[in-house]
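Chemist: Sequence:
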Amino acid sequence: CGDFKFSMLGLGDIAVPGLFCALLAKWDAVKMSEGSSQGFTYLNVILLMYILSLVTTIAVMVVFNHAQPALLYICPYLLIGSVSVALRRGELSELLAFSVQGEESSKT
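Okay, so the sequence shown: first residue is -15 according to this note's numbering, each after it adds one.
If you are wondering where the hints come from, they were derived from the structure by calculation, not from laboratory data.
Just to be clear, a hint being listed does not mean it is correct.
[What the hints assert, rightly or not] Listed next, with one range per pair, are the computed distances between beta-carbon atoms:
#1 Leu32 <-> Val84: 33 to 39 Å
#2 Ile35 <-> Leu80: 20 to 26 Å
#3 Ser17 <-> Phe48: 41 to 47 Å
#4 Lys10 <-> Ile64: 19 to 25 Å
#5 Glu78 <-> His50: 38 to 44 Å
#6 Leu71 <-> Leu36: 29 to 35 Å
#7 Gln85 <-> Val0: 18 to 24 Å
In this text, a Cβ means the ideal position worked out from N, Cα and C, and glycines have one as well.
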């Protein structure tokens, strides 16, 4: 990786945000099935925020020439992005109360 030996991401830097993105993709799918959403708004915003958080992490690593914990930047970006979309759409309380229903509970 050349001079950037400190630019490695850990599994948690990908898996934790990935689970959050999957939850918001499910939220978008539920909202689309209800007819209150036209597309994957939350997912698109979260993916953009994830990319911006990685850019910020790399920029800080380059500027300070020291490794940084990526989740230090990823978590705030994702939370700010999702909460701001929910506030703008008036869905914050619904989003916070959202839980994914399992297949067993949907069959009964």
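Chemist: Could you check the structure against the hints above and give me the numbers of any it violates, in ascending order?
Modeler: Hints 1, 6 are the ones this structure does not satisfy, whereas the remaining hints hold.
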